[in-house]
Each structure stands twice: as structure tokens, then as C-alpha cells.
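So for the sequence shown, my numbering puts the first residue at 1250; every next one is plus one.
Rather than coming from a laboratory, the hints here were simulated on the basis of the structure.
Quick caveat: nothing in here was measured; it's all calculated off a predicted structure.
For each residue, glycine too, the CB sits at the ideal point set by N, CA and C.
Among the hints, a few may not be true.
[Stated by the list, open to error] Derived CB-CB ranges, DEER-like: (1) Leu1324 <-> Val1275: 16 to 22 Å; (2) Lys1271 <-> Ala1333: 16 to 22 Å; (3) Asp1319 <-> Phe1269: 17 to 23 Å; (4) Ser1304 <-> Leu1324: 20 to 26 Å; (5) Ala1334 <-> Ala1289: 31 to 37 Å; (6) Ala1335 <-> Tyr1283: 33 to 39 Å.
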Amino acid sequence: MLAVRNLRLVKQVALEKIFFLKADEVLVVGDPPYDTEAAAKRGIAAVGLRSGSFSAQSLFEAGAIELYDDVAALLRDYTNSAFAAASVFG
């Protein structure tokens, strides 16, 4: 497992790589409600995963637009997901 010592720096570098994207061109995926809440504060839609220890209700209350049991479930239903709907690749 890779340990990241300065997560803030990693996030900043990641944001700099996608700076040209607008909030409505980005989707976040995460299992804690905090991911969804953080995305919402930036005007970014979020897809929730129940793979963490948080309830579906807490993820929806945090603002998740969709919910999947885990990443595998999201991938299985990709063509019906918000990711496919937002894809520039069609």
C-alpha cells in the first residue's frame, strides 16, 4: 500500500492537472459522505459507494446523485450511470 505523506499537495497537483475543467464537467466517486459533501461545496456531482461503513441514507443526504454497492457494481452498470451520461466519448 502506498502511503501519501502530504495529501494536500497531492490534491493540489491533481487539481492543477484538471484546472481547465468546470465543476459541471467533473464527477466524484467516494464511499464516505465527506467526499460527497466536499464535492458539493465545489458544485461537483458525486456518486456514492456503499463499500465503506456508511449508510445509503447518509450518502444521499450528503448529496450523492447515484449509489452503488462498490466499484464493481458501478462498472457493471456503467452504461446506465452518470459517468456514461457525462462521457465525452459517447
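Status of the hints after comparison with the structure:
| no. | hint | result |
| --- | --- | --- |
| 1 | Leu1324 <-> Val1275: 16 to 22 Å | holds, 19 Å |
| 2 | Lys1271 <-> Ala1333: 16 to 22 Å | holds, 19 Å |
| 3 | Asp1319 <-> Phe1269: 17 to 23 Å | violated, 31 Å |
| 4 | Ser1304 <-> Leu1324: 20 to 26 Å | holds, 22 Å |
| 5 | Ala1334 <-> Ala1289: 31 to 37 Å | violated, 19 Å |
| 6 | Ala1335 <-> Tyr1283: 33 to 39 Å | violated, 22 Å |
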